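Number of protein chains: 2
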Amino acid sequence: MEIPSALGELDAESRADERPADHQQELRLWLRLLTCSTLIEGEIRGRLRARFDVTLPRFDLMAQLEKAPEGMTLGELSRRMMVSNGNVTGLAERLVEQGLLERRPHPTDRRAAFLRLTDAGHAAFAAMAAEHAGWIAQLFTDMDSDEIAALMRLLGRLKQSVRAADGRTS
Amino acid sequence: MEIPSALGELDAESRADERPADHQQELRLWLRLLTCSTLIEGEIRGRLRARFDVTLPRFDLMAQLEKAPEGMTLGELSRRMMVSNGNVTGLAERLVEQGLLERRPHPTDRRAAFLRLTDAGHAAFAAMAAEHAGWIAQLFTDMDSDEIAALMRLLGRLKQSVRAADGRTS
DNA sequence: CAAATATCTTTCAAGCCTAAAATATTTTGC
DNA sequence: GCAAAATATTTTAGGCTTGAAAGATATTTG
Chain H
1 MEIPSALGEL DAESRADERP ADHQQELRLW LRLLTCSTLI EGEIRGRLRA RFDVTLPRFD
61 LMAQLEKAPE GMTLGELSRR MMVSNGNVTG LAERLVEQGL LERRPHPTDR RAAFLRLTDA
121 GHAAFAAMAA EHAGWIAQLF TDMDSDEIAA LMRLLGRLKQ SVRAADGRTS
Chain Z
1 MEIPSALGEL DAESRADERP ADHQQELRLW LRLLTCSTLI EGEIRGRLRA RFDVTLPRFD
61 LMAQLEKAPE GMTLGELSRR MMVSNGNVTG LAERLVEQGL LERRPHPTDR RAAFLRLTDA
121 GHAAFAAMAA EHAGWIAQLF TDMDSDEIAA LMRLLGRLKQ SVRAADGRTS
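Those protein sequence lines, which keep their order, are chains H and Z.
Taking our numbering, the leading residue of the first sequence gets 1, the next gets one more, and so forth.
Taking our numbering, the leading residue of the second sequence gets 1, the next gets one more, and so forth.
No lab work stands behind these hints, which were simulated from the structure alone.
This structure is a prediction, so every number in the text was calculated from the model and none was measured.
Please note that the accuracy of each hint is not assured.
Simulated coverage check for chain Z against chain H, where a stretch passes if three residues somewhere in it have a Cβ under 8 Å from a Cβ of chain H [to be verified]: (1) 27-37; (2) 93-99.
One side of the interface only, derived from the structure: several residues of chain Z facing chain H at Cβ under 8 Å [unchecked claim]: (3) Glu43; (4) Leu56; (5) Leu74; (6) Met82; (7) Ser84; (8) Asn85; (9) Met143; (10) Ser145; (11) Glu147; (12) Asp166.
Calculated Cβ distances over 10 Å to all of chain Z for the following chain H residues [as the list claims (entries may be wrong)]: (13) Glu26; (14) Arg49; (15) Val54; (16) Asn85; (17) Asn87; (18) Thr89; (19) Gly99; (20) Asp109; (21) Ala112; (22) Ala150.
Beta carbons are placed, not taken as given, at the ideal position from N, Cα and C, and that holds for glycine.
Please put together the full structure from these sequences, using the hints given.
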């Protein structure tokens with residue numbers, strides 16, 4: 001316990017706005033988080049390329065569509081993938097060219113279009129997804145189930161914190 | 001405790017290679033981790049652009065150089081930033097053009113070059129770093145110090161696990 | 001209903017990023 | 001010392017990514 005010292009001195013609270021606050025702990029955590037995702041992402045990207053000659057963004061797009069058998073609009077896809085609209089336009093274009101994706105007009109809204117995996121797309125994704133899951137598991141090998149659960153919970157809290165901060169953005 | 005049932009059946013261990021193993025927990029953790037870094041990265045990228053008209057990669061490069069007053073070679077920078085050599089070549093080029101970076105020959109190795117922040121680079125970085133730290137802290141607002149410490153520890157374990165798996169890569 | 005506003009998508013310019021090949025130089029091992 | 005291997009960097013081709021502007025269609029509102 002720290003005891004505020006004598007007369008005329010500012011307590012920690014009052015000082016907070018005058019001196020650069022100490023954000024070291026948060027900064028280091030952010031750096032470590034970024035390191036982890038960069039490492040994993042790089043590993044997965046490399047393996048997808050070597051094994052299936054596919055890029056990570058294309059794999060991610062297919063993964064989203066796999067979960068929506070009836071298809072999904074470009075906008076919905078862009079929100080779920082957390083990337084820009086224009087980005088999805090280009091990715092989808094290339095996947096349609098490859099015959100993995102099918103594009104059809106939205107039944108009631110002529111601005112929009114639905115995207116769906118073709119049969120070839122489903123098959124390709126199934127093959128990739130199986131190995132992908134194994135790679136991820138391998139990267140997490142040294143973590144036991146309790147640690148994974150604890151990380152899961154804390155990252156959930158972090159996600160919540162970030163989204164909340166986003167709301168009250170200055 | 002599970003009891004292996006009668007004759008002729010395979011125990012869990014033997015089955016492992018035949019059935020798709022359950023990697024759900026790891027997959028979901030990876031997705032959540034990726035969501036967190038994508039959210040934070042996007043937030044920081046946007047603020048850097050709006051407030052300082054600078055990109056995140058340029059900020060990252062400057063942050064690395066700030067820690068090495070005597071400068072650093074391109075290769076060292078590329079390793080620390082975990083990006084390709086060619087990437088650093090281009091980033092550095094643009095920062096030199098802006099007058100934030102200085103490039104000088106390596107004293108003893110004619111293949112290599114040192115990069116250092118110019119005075120203008122130091123000044124620009126100092127201004128950005130101060131606000132940057134505040135933004136990060138704000139995004140972590142809802143996490144208390146214990147949670148941050150716990151996350152830090154678990155991510156340390158994860159980093160270790162990923163690096164170890166990388167070593168024993170098939 | 002018409003004007004204003006919102007939404008869905010594409011296009012564009014600029015920059016980021018990688019893997020692989022090429023160039024230049026240094027180090028290593030005979 | 002010299003050939004071979006290793007290291008530092010650049011170049012190249014291709015793809016990813018963004019933010020902003022523009023086009024097309026829907027929805028809302030006066």
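Structure-based check of each hint:
| no. | hint | verdict |
| --- | --- | --- |
| 1 | 27-37 | holds (count 10) |
| 2 | 93-99 | violated (count 0) |
| 3 | Glu43 | holds (6 Å) |
| 4 | Leu56 | violated (10 Å) |
| 5 | Leu74 | violated (19 Å) |
| 6 | Met82 | holds (5 Å) |
| 7 | Ser84 | violated (10 Å) |
| 8 | Asn85 | violated (14 Å) |
| 9 | Met143 | holds (5 Å) |
| 10 | Ser145 | holds (7 Å) |
| 11 | Glu147 | holds (6 Å) |
| 12 | Asp166 | holds (6 Å) |
| 13 | Glu26 | violated (5 Å) |
| 14 | Arg49 | holds (14 Å) |
| 15 | Val54 | holds (17 Å) |
| 16 | Asn85 | holds (14 Å) |
| 17 | Asn87 | holds (12 Å) |
| 18 | Thr89 | holds (19 Å) |
| 19 | Gly99 | holds (26 Å) |
| 20 | Asp109 | holds (28 Å) |
| 21 | Ala112 | holds (24 Å) |
| 22 | Ala150 | violated (6 Å) |
Checked against the numbered hints above, the structure breaks hints 2, 4, 5, 7, 8, 13, 22 and satisfies the rest.
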